Structure formats: structure tokens, C-alpha cells
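Enquirer: Chain by chain, the residues:
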Amino acid sequence: MASNPSLKEALPEITDAIVESYMMCQRINHLGHFPLPSREAIVDILADLMDLLYPGYHRRQNLHMGNVVYHVGDLVDGLHDKLTQQIARALRHESQQGQECDFEALAQQKAIEFLRKIPDLRFLLEEDVLAAYAGDPAAKSYHEIVFCYPGLEAITIYRIAHELHQLSVPLIPRIMTEYAHSKTGIDIHPGARIGHSFFIDHGTGVVIGETCIIGNHVKIYQGVTLGALSFPRDADGKIIRGKKRHPTIEDEVVIYANATILGGDTVIGHHSVIGSNVWLTHSVPPHTVVQLEKPSLRIRRPDDELVPNYQI
Amino acid sequence: MASNPSLKEALPEITDAIVESYMMCQRINHLGHFPLPSREAIVDILADLMDLLYPGYHRRQNLHMGNVVYHVGDLVDGLHDKLTQQIARALRHESQQGQECDFEALAQQKAIEFLRKIPDLRFLLEEDVLAAYAGDPAAKSYHEIVFCYPGLEAITIYRIAHELHQLSVPLIPRIMTEYAHSKTGIDIHPGARIGHSFFIDHGTGVVIGETCIIGNHVKIYQGVTLGALSFPRDADGKIIRGKKRHPTIEDEVVIYANATILGGDTVIGHHSVIGSNVWLTHSVPPHTVVQLEKPSLRIRRPDDELVPNYQI
Amino acid sequence: MASNPSLKEALPEITDAIVESYMMCQRINHLGHFPLPSREAIVDILADLMDLLYPGYHRRQNLHMGNVVYHVGDLVDGLHDKLTQQIARALRHESQQGQECDFEALAQQKAIEFLRKIPDLRFLLEEDVLAAYAGDPAAKSYHEIVFCYPGLEAITIYRIAHELHQLSVPLIPRIMTEYAHSKTGIDIHPGARIGHSFFIDHGTGVVIGETCIIGNHVKIYQGVTLGALSFPRDADGKIIRGKKRHPTIEDEVVIYANATILGGDTVIGHHSVIGSNVWLTHSVPPHTVVQLEKPSLRIRRPDDELVPNYQI
Chain P
0 MASNPSLKEA
10 LPEITDAIVE
20 SYMMCQRINH
30 LGHFPLPSRE
40 AIVDILADLM
50 DLLYPGYHRR
60 QNLHMGNVVY
70 HVGDLVDGLH
80 DKLTQQIARA
90 LRHESQQGQE
100 CDFEALAQQK
110 AIEFLRKIPD
120 LRFLLEEDVL
130 AAYAGDPAAK
140 SYHEIVFCYP
150 GLEAITIYRI
160 AHELHQLSVP
170 LIPRIMTEYA
180 HSKTGIDIHP
190 GARIGHSFFI
200 DHGTGVVIGE
210 TCIIGNHVKI
220 YQGVTLGALS
230 FPRDADGKII
240 RGKKRHPTIE
250 DEVVIYANAT
260 ILGGDTVIGH
270 HSVIGSNVWL
280 THSVPPHTVV
290 QLEKPSLRIR
300 RPDDELVPNY
310 QI
Chain Y
0 MASNPSLKEA
10 LPEITDAIVE
20 SYMMCQRINH
30 LGHFPLPSRE
40 AIVDILADLM
50 DLLYPGYHRR
60 QNLHMGNVVY
70 HVGDLVDGLH
80 DKLTQQIARA
90 LRHESQQGQE
100 CDFEALAQQK
110 AIEFLRKIPD
120 LRFLLEEDVL
130 AAYAGDPAAK
140 SYHEIVFCYP
150 GLEAITIYRI
160 AHELHQLSVP
170 LIPRIMTEYA
180 HSKTGIDIHP
190 GARIGHSFFI
200 DHGTGVVIGE
210 TCIIGNHVKI
220 YQGVTLGALS
230 FPRDADGKII
240 RGKKRHPTIE
250 DEVVIYANAT
260 ILGGDTVIGH
270 HSVIGSNVWL
280 THSVPPHTVV
290 QLEKPSLRIR
300 RPDDELVPNY
310 QI
Chain A
0 MASNPSLKEA
10 LPEITDAIVE
20 SYMMCQRINH
30 LGHFPLPSRE
40 AIVDILADLM
50 DLLYPGYHRR
60 QNLHMGNVVY
70 HVGDLVDGLH
80 DKLTQQIARA
90 LRHESQQGQE
100 CDFEALAQQK
110 AIEFLRKIPD
120 LRFLLEEDVL
130 AAYAGDPAAK
140 SYHEIVFCYP
150 GLEAITIYRI
160 AHELHQLSVP
170 LIPRIMTEYA
180 HSKTGIDIHP
190 GARIGHSFFI
200 DHGTGVVIGE
210 TCIIGNHVKI
220 YQGVTLGALS
230 FPRDADGKII
240 RGKKRHPTIE
250 DEVVIYANAT
260 ILGGDTVIGH
270 HSVIGSNVWL
280 THSVPPHTVV
290 QLEKPSLRIR
300 RPDDELVPNY
310 QI
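Residue numbers (numbering that gives the first Met the number 0), protein chains in the order written: chain P, 0 to 311; chain Y, 0 to 311; chain A, 0 to 311.
With the rest of the complex left out, here is chain P (with noise of 0.2 Å):
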């Protein structure tokens, strides 16, 4: 009826056999007295972060300005703190086959420079989410955007990567945008480039890759890819890394749900409407409006014949 305590004698040998995997496969181990950046001491950045973009809608309530000064000082005082911390473990696992560099003190300075910017954060984010207001008649106020639409979440999450990645902060942008893929749906690459006033509605499956260059006021739905057509390849077959496989899309597009749009020589150009559904691999010029062409359906009727139990 309970354990058996002879069977656990296994565990030892078990236990040996899972460390000498360590020794034999070890790409997936991280084993050394130089810890990589931690998962959660990140999304914990990202948390402090979010108080400060967005006072008084998460965490810490009952702010007000007579004291929103010390609540904002403390928590500068801490992400200047964690982020060192964070930053110059990325930046030592980085240059492995350790020059001597002293990475606290580098780590420190990409630090205060990203903070440095959080007021500018703050302006591209306000016009963000006037954006989500105009652009979706569901939206009831410019609370409820900020409150709960993944859309802007996942634009948040995006605006602070890409500017650790600017930095040369190595890893730790592309855990944040993927903490934000996993928490909405919406996998945006760190190193891509997006202007403002940028909304995503809905959301889930939309994917924007490393080299797309977004203009300002664009709008685009859930399911939509900005993706690569092919990927170079070099004379061993090897994938050719960093170049422009991602397209252009100008001011003032929008892009229906699950549109597709490929390649990095692809420019939609501003002002263009991409229907729901459209495949495009080629550019297209400013004002241009692409549908697919109404497509052809079968539809079958009960007179026609009846299918009572029909399963596609």
C-alpha cells in the first residue's frame, strides 16, 4: 500500500546517469561560476518597469503626486540595482573566452543610459495608446487600454528591448519579448524597427521579425506574419545570419488578420490596406488597396443534397 523503499535504491544510479548526460551533451548545460542572467530577476525588472511607465495601474496603488516622487525614486534606486546586475552577467557570458573587462562598470552605464530614456518611453507609449483608441470602436476608455489589451503589452514589452538591444545588451531583450510572446500571443523581434502610434488589435499569432521596419501609424490584427521569403545560405548550405529578410511597411498601413507579408525587399507602401488572408510577396506602391479576389466557394444547399453528418 505506500512505497516501496528498496525500489529507491535506484535513485543513486539514476542521479549518475543524468550527470554524466552533463558531460556528454553540453549545449543544453550552463555549468560554471559564471551565472547567465536569470529569467526571473527579469520579468521582475519588467514588473518595476511597468509602475513606472504606467503609475497606478499595477502593483503599488493609492499613488498621487505627493508622493509619487519617492515611490519612482526607490524603484530607479532598484532597477539601477538589478539591471547592472543582470546586464553584466549577459555581457560576460557574452565574451566568453573571457578578454579581461571590467563588466560591472560597462553593465552600470548601459543601465543608467536605459533609464535615462524611460521619459521618452513614456511619450511613444502615450501616443501608442491613442492609437489603440482611435483605431478599435470596442475600446471604452483610454483605461481599459492600458489596463488589459495584450496589443499594448506587448508593444511596452517591445519599445524596452529594443532599447537594451540598441545598447548591445546581449540575451536579455530577446527573453523579454518572449516573456511578452508567451503572455500575448504577439512574438515581435527586439531588433526590429517600429515608429509611432502603433497599434496590434487582438493580437494572438502576430509575428514581426528581426529586420522589419515599421513606420509610424501603422495598425495591424491578429494572425498577421511580417516574415522571411528565403533565408541566403552560404557556399556550405550554412544560413547567412544578419542580413534583411524581413519587409518595409510604411506610414499609415494597415494590415488585416492573418495577412501574410514576406521578404526584405517587400515595401508596402504608406498609406496601403492589406486585406485579411492575403499572401504578398512583392511590393506595393503608397494608397495601394490589396484584397483577395472574392474567392471562389463551393456552397452546397439542402435541396442540392442533404448532408446531414458532414465533417470537413
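Keep in mind the hints are simulated off the structure, nothing from the lab. Some clues are possibly wrong.
Identical chains share a label here; the pair holds if one copy fits it or two copies do between them.
[Stated by the list, open to error] Calculated cross-link-like contacts (lysine-lysine; reagent style DSBU-like; alpha-carbon spacing at most 30 Å):
| no. | residue 1 | residue 2 |
| --- | --- | --- |
| 1 | Lys182 | Lys81 |
| 2 | Lys139 | Lys182 |
| 3 | Lys243 | Lys116 |
It should be emphasised that the depicted structure is a prediction, and the values quoted were computed from it without experimental measurement.
Put chains Y and A on the given structure of chain P with help from the hints.
Expert: Chains Y and A alone, transformed into the frame defined by chain P:
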């Protein structure tokens, strides 16, 4: 080797710049003496409601008919207080330009009215579970569905949120359904009206808009959008809010993966079947089967042409 | 100004109505003396397994070859106990109409058999990481993939769940893969059979059904469905469970974003490429390339007709 204390002297200046931005872009702050509802508190309320609706499956175990009344009484008492507090915050916030009103008392009434609906919700949810079992050959038992079907989780939270929406509770219903969206990839607006025995299979990417009307015994698959075709605008080009923009789906309709149905005047007649990937912007009568015309595919065989490194 | 105590007198009556509903719709209760497996405990087991499979990346850091054996030994010991308890609950529940059986002892055997598989799982997962690096030009390092690729997370949890499924453990494998589905948007049924070096890029919206068979070196993108074409029904119109309903994908196949492949008799021959958005319900021989015919798009230019407020 360590961080530089003199660099930290920049932090007060950064703090001031952030606080200054709170005065300049005020639409993404909430500073003041009346707190907003708390997202964390609302997630906690949902966890309590899951325990009430599906006893024995979630946090509290070892429940039996001998002790369950204490468990339920305790949850109901706590929910009364938590709901009253959060609803009062939402009501006070909504009515901002404050006509005086006893928000606590109004909130308490709504909380109690909502709690009275729970037995009816259970009857409705049992039918949703039966519909899932009848409709999915991979379902092994009712337990498996209650435990881990994301479709049931999204529908449960939608049905809770819809009741609060019917009671004119602001903000909270949308926070609830966006929480479900984050967990399941299924985005159902709390304003949608959905009949009994509703089943969503797999579900990631499903979008059901605010003014949808869905009948009984409807089944939909992943990636289905029930969306808006166009947004009516007023003379100034501003979106008009509150019109019916989303389709009506009558009883016993099945909609397969990634189909898109758009428009407030679009009615899918009862017992119809809409095939995978269909894009539909007009009504169809009852008992209609709509499928893509066998799509023209370009199929290349190795004899025709060898394409070893082909990439789309 | 405060809540009204006399209104609270409704709460006992509400409690009774809820408890009464437990007697009336019993299919969504679990009241009794034998608890079900706990979802929280299973998520905790997955976190322990991630620490074992990818040491140094997750919760525990500062591991090196000098201390890792203690860490592993401790995790293995704890997992033995946790797995035994949860598997025993699942087995006892499954066999309800209780033939007497020593569920604890049977569960312990299965737990130990599962733990023995961990080194092999690591070999398999290392190949999945290599496949991701080879297949994605945006991947900067193996570390980035282990840290934050949702495809790898979903595949890892699927491979764990599939081992338990092979050991005939009920309920728990599906709870695991639905947890992964919630975190990544990727829905892989634990019953599917998937070869080595499997890569899912981006991944949101992917559905891989229960009876899929997937070979080695297969790569798939976001939104791909490997699903059922129709459900065989018995004479009473009830779905027949357990038949092969989902496709077979042979070695070295690539399936691009949002393609849909349906049917238990559908076989995609090795080295084939299935293009983005293709909808396929029949087999294709090896080395086939399937693409959408260049879709007919309706492209309107501003010279033709001005469409300033166009909305689809």
C-alpha cells in the same frame, strides 16, 4: 570591478524627469486618491470562482459532501467582500466627474446579484463540458476537459464576465476576458452573447467580437475570427462606437479552423458548416455547407525540377 | 457609505443553492475521498524537470561540476516522491469502479521508469536545440534557444508528457501539454509520435493532433495545423475514439506558416516542402513542393479610384 557610486548620482535627476513626464502625458497615469480595480485582485476572484464552479479540481482538494458546505460558505463570504470592493472601485472611477453616490452599496448589490447566478452558471457550464466531450474524439473523460481544456477555461471566464457585464459593471469584465485571452489565446469580448453547449477546440487565435450573437450547440476551432467588416464613422471620420459590427451564428453551426466571418449583417443560418480557411462576408441560409473551392496548388515533383534548398 | 450588513444575510441561502447544484450537475464536481492529481503539483514537477534537463538555465544557478551531483540527487529524490504521489492519484481515479490494487506501488514503478529516461531525453533535446540553431537565422546562440524559444519549451514538455503517456499514466500527460499550450500557444497532444531534431519556429497557433506521426528533421512554423479531416462515427452517430485521424509527416519535411494538413491517411513524403497557407487533404510523394498558386489579388491603385477610409 564594481559599480561606480558617483554614476549613481544621476539617479535623482532621472527620477525627476520621470515624475515630470507624469504631468506631461497624463493619459497613461492614474494618480489620485481613488484607486482603480486591481488586476491581481480580479485574478484572485477568478480563482475563487473556479473553485466554486468546479469543486475538487483546483486549489482545494479533499472535498466531500460532509465538508463542502463550509468550504463554499467561506468562499462565498470572501467573494462578497472582494467583489464589492473591486466593483465599487470600478463604479467610482467610471463616474469620475463625481456625482455623489454610495458606490459601496451599489457595488454590494451587484456582487450579491452576481453570486446568485452561480448555480445557473454551473448548469450552463455542465452543458459546455458535455458538448466538448461529444465533439472531440481526443477527450478521454469529463475530468480531462474540466482540468485542462483551454476552450472550457475561456468559456467559463467569458460566462462569468458576461454576467458582470449584464450588471453594468465597468472595466472588470474586460480585465477578466483578457486574462483568459492571455492564458488560452482565445479572445472573447464580454459583450458577446453566446448560447448553451458551446465548444471551442484547441482555440489559439480565436477572436469573438463584442457584438457577436451565437446560438446553441455551436462548435468552433482554432484561429476562427468572428469580426468586424468595417467601422461606421461619423462626419468627422471618428469611429462610431456601440453598433452591431460582428456576425450572428445560429444554432448547431460548425466553423472549422482559421475561418474568418465578418460583418454585423452577416448571419450564418442554423445547421450550417463553414470550412477551414473560408473567408465569408455575407449571410448564408440554414443547412448550408461552405468550403474553399479545391485550391489551385502548384505541385512540383523532383522529376520536373530539383529544388534541394528551396525556401518559401 | 459602507456595505450593508443586512444584505449579507443572503449569503447562506446562496451557499445552499450552490451546494445543491453540486448534487444536481455532478459531472463537473469531484467530491470524494480520493483526490485528483493537482495541477499546481504537476507544474512544480515540470519546473524540477526543466532544472534537471537544462541545468544552469532555470531556477538554480551557480552550478558547476563540483556541486551539481548534490543538486541532481536532491531533485531526483524529490521527483521520485512527487511523481509517485501524483501518478498514484491519477491511476486510482482512472480505475474508479475500484478493483483493489496497490496504486502507490504501481505509481512508484512508473515514476522510476520515467526518471531512467531522463538521460535519453537530454540527448534528444540537444538535437532539437541544434535543429533550431541550424534552422533560424535569428538565433544568436544555443543559450538563447534554451532560454527563451517557445518552440523548445513546448517540445520539451511534449517529450516529457509522451514518456508518461507511453507508461500508460492517465490525465497527467495532457495536463502537462495543455500547460505548455497555455505558455507557448503550441498545442501538441502527448499521444503524437515525433522523431528527433524537430524545430517549431515562433509557434503560436500550432496544433499537432493525437495520432500524428512525424519523422526526423521536420521543421514547422506558426499557425500550422496537423488535424483531423473527419471523425468516424458509429451507428448511433457517436464519435469513434482512438482511430488514426491525423497525418503522417516523413523525414526532412518543412511546413510553412499557417498551412493546414488534414486526415489520417494523408502522408507527406520525405524532403517535401509545404508552402505557407496551403490547405492539403491528400498525400504527396517524397521531394514534392506544394505552394499556393499565385493567388488572384485585387489590387486597386489611387489613380483607379480613391478609397480614403477603406475598411475591410
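Enquirer: So which of those numbered hints doesn't the model satisfy?
Expert: Violated: none.
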